[in-house]
Amino acid sequence: MKILIVEDDAEAAAYLAKALKEAGHNPDLAADGETGLEMARSSAFDVLIVDRMLPKRDGLSMLSTLRDEGNDTPSIILSALGQVDDRVKGLRSGGDDYLTKPYAFSELLARIEILARRKKPEEAETLLVVGDLRLDRLSREAKRDGKKILLQPREFRLLEFLMRNAGKVVTRTMLLEEVWDYHFDPQTNVIDVHVSRLRSKIDKDFAEPMLHTIRGAGYLLRAGQET
Amino acid sequence: MWARTRSLLRVTAVRLSIAYTLAFGVLAVILVFYMTGSAVDYLRQQFQNSINEEVLSLQQVYQTRGLNGLIRAMEQRSRAPGANLYLVADPSGNIIAGNVRTIDSSVLAKTGWNMHPFEYQGFGDNETQRETRAVARSFELPNGMRILIGQDIGEPERLRGTVRRALSFSLGMMLLVGFLIWYFVGRRALKRIDMVSKSTERILAGDQSERLPVTGVNDEFDRLSRRMNVMLDRISHLDKGLRNVSDSIAHDLKTPLTRLRNKADAALSSDLVNSKSREALGEVMADADQLIKTFNALLMISRVEAGSQITQLAELDMTELTQDVAELYEPVCEEERFTLNIEIASGLRVNGSRELLSQALTNLLDNAIKYGKTENAEDQQISIILCKNKKEVVVAVSDKGQGIAAEHFEKVKERFTRLDESRSLPGNGLGLALVDAIVKLHNGKFELGDAKPGLLAKITLPEFETHQKVKSTPNASKSG
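Sequence order for the protein chains is Z and C. Read the first sequence against the numbering used here and you will find it ends at 227, with the numbers running on by one and no gaps. Read the second sequence against the numbering used here and you will find it ends at 1480, with the numbers running on by one and no gaps.
No lab work stands behind these hints, which were simulated from the structure alone. From the three backbone atoms N, C-alpha and C, an ideal C-beta is built for every residue, glycine too. Don't take every hint at face value.
[What the hints assert, rightly or not] Lysine-lysine pairs mimicking PhoX-like chemistry, simulated, CA-CA at most 20 Å apart:
id, chain 1, residue 1, chain 2, residue 2
1, Z, Lys18, C, Lys1240
2, C, Lys1240, Z, Lys89
3, C, Lys1452, C, Lys1370
4, Z, Lys21, C, Lys1263
[Unchecked claim] Which chain Z residues face chain C? A few, computed with CB under 10 Å, are given here:
id, residue
5, Ser106
6, His212
7, Gly216
[What the hints assert, rightly or not] Output of the computed footprint for chain Z on chain C, the stretches with three or more beta carbons under 8 Å from beta carbons of chain Z:
id, region
8, 1178-1187
9, 1364-1378
So that you can see chain Z by itself, here it is in the shape it has in the complex (with noise of 0.2 Å):
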């Protein structure tokens, strides 16, 4: 994927470069606002990484620019203001997701894979389908292999989340964010406890796991290795 990263701390730009190159990507630097802005509309990236301090020209009004320009490249804004209006803010000024720094480099890589897929208006499948998983939004059931798994409704949307994000990382503060829609994290492993109540229903009574926890950034739904 083509990343523009957009940061003025040079070495924390080198380093998020380094990590993006070793992760297969293949990202471009720009040191401030004005650089960014010029780099982004002379050429097309797959995701916009920008930080919301910059020098002559903050991260906000460098992403509006873009957008009001009719650029819709994917971005994910950094800042060191986590709070939920400033939040709003980022997300009103144009960006597509929030981190506020500091921020544990796999969470970072995991939202790019799934921004960088995002970028596709989300079709409104009624039907998910990963490996011999099967969830049917209408009805609201789940199957996998034509066995049905009893739901709560809150593990159906868990469910629904990862699977549409089949064989990418999900992590425990995006799994907060979109399928409880808290913006903070408990001190209490809370997310596992779900994770793994919803992991001990579908993959109790099969051979082949599908979901799989990711040491030290979260969790992986894929298809077992039959399909």
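For chain Z, the structure is supplied; the task is to place chain C on it using the hints.
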């Protein structure tokens, strides 16, 4: 109406004007009484003078023409129009001559001045007519006969009556008009004060862009409001500066922290590390995460205390919020072997932020799970209760653990307070401080208590009322 009058009486302007009017009224009464009194004194003096003159001339008549001459002269004078009072009586008190028909005998018996007005009936008067009043001087002649010379004072008496009636009328009018003026002026003042206190309340709630109302009349309220607005501008300028500084600190310090954590993360995933350094790197990451969390929590508290999220407060379904949080924690409670008691009343609404109140509730549940453990796992229990108490919505979380000694209830709400019992457990001592800040932002109360055994944490929030975003001042708006 009565409530409004009572609140009017609490306005300083009204109190002052009432005091002034009362003082002025009393002074006016004293002045008028003094003036009418001295006018009456002057008139009496006049009466005495004219009576004295009369007496002098009659004395001459008596000396030159004797008793008969005197009587005749008095008869003559008494018939003149507008005459004084003349009376001649024999020693037994029978009236012989003059223009007086009846008179109190005690007046007649008294020799000398009779300045205290007495009542009499003259000849010219109709018999049924009421007696009029007079002052007089009487003498006893050597032969025992008595003569009385006096003057009718009906006219000045009537004058005095008129003046006093006019006075009481104008005093009455003054009081009435004064009352009306106080009422309207006072009500206006009260309205202005209400406006100011409403603005102040919004400012206190964190709306820093709010300013006191200036009507443009340029009265004392406007001048005061303008000054206060300048002050508020300055405060918000300073506050903004402070927030910029703390934002910058967050930006500047958290960036190297990010790097530290991410480098440890990157090192962990490289193939070169052995299991020992892997463990160390894991600890570095955990420590960095803890630092970051503490920093975030601290910043969060400052921001909530500054009320910067006030724009987020809106009508909020507290029932749904509590159910969501309870549902989020239900599996964890089960895994940690807590019995979860949930009693959630339906349809309760508050004016609040879902994000913040969820976080507050989450912090309380985190605490309950952390500190609510008991030796016998079967006793472990956490209760989440949402109920309505009069006009308030109460959310309570309680456990059956060790609890907190009553003397620490206030202390644990402060930042970085960790009681000795809890030092062995992970945490930063900011959880309850954040709850406290969040509840304060919502105009609520956060109380800790003894759940016997265990800790009871209770959040009380004002119930959401339609048409009521800011609490209005009592009385003024409720009367009618």
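We went through each hint and held it up to the structure:
1. Annotation: proposed proximity of Lys18/Z to Lys1240/C is violated, straight-line Cα distance about 37 Å (limit 20 Å).
2. Under the criterion of a C-alpha separation no larger than 20 Å, the hint pairing Lys1240/C with Lys89/Z is consistent with the structure, at around 17 Å.
3. For the hint pairing Lys1452/C with Lys1370/C, the CA-to-CA distance comes to about 18 Å; that is within 20 Å, so the pair holds.
4. The hinted pair formed by Lys21/Z and Lys1263/C meets the criterion: a straight-line CA distance of about 15 Å does not exceed 20 Å.
5. For the restraint placing Ser106/Z at the interface with chain C, the shortest Cβ-Cβ distance is roughly 7 Å, inside the 10 Å limit, so the hint holds.
6. Annotation: His212/Z was flagged as interfacial toward chain C, and the flag is violated, the nearest CB pair being 16 Å apart, outside 10 Å.
7. Checking Gly216/Z against chain C: minimum C-beta separation of about 7 Å stays under 10 Å; hint holds.
8. Only when three residues or more bring their CB closer than 8 Å to a CB of chain Z does the claim for the region 1178-1187 of chain C stand; here the count is 0, and the claim is violated.
9. Chain Z is given as covering the region 1364-1378 of chain C, and this holds because 4 residues of the stretch bring a CB closer than 8 Å to a CB of that chain, at least three being needed.
The structure shown violates the earlier hints numbered 1, 6, 8.
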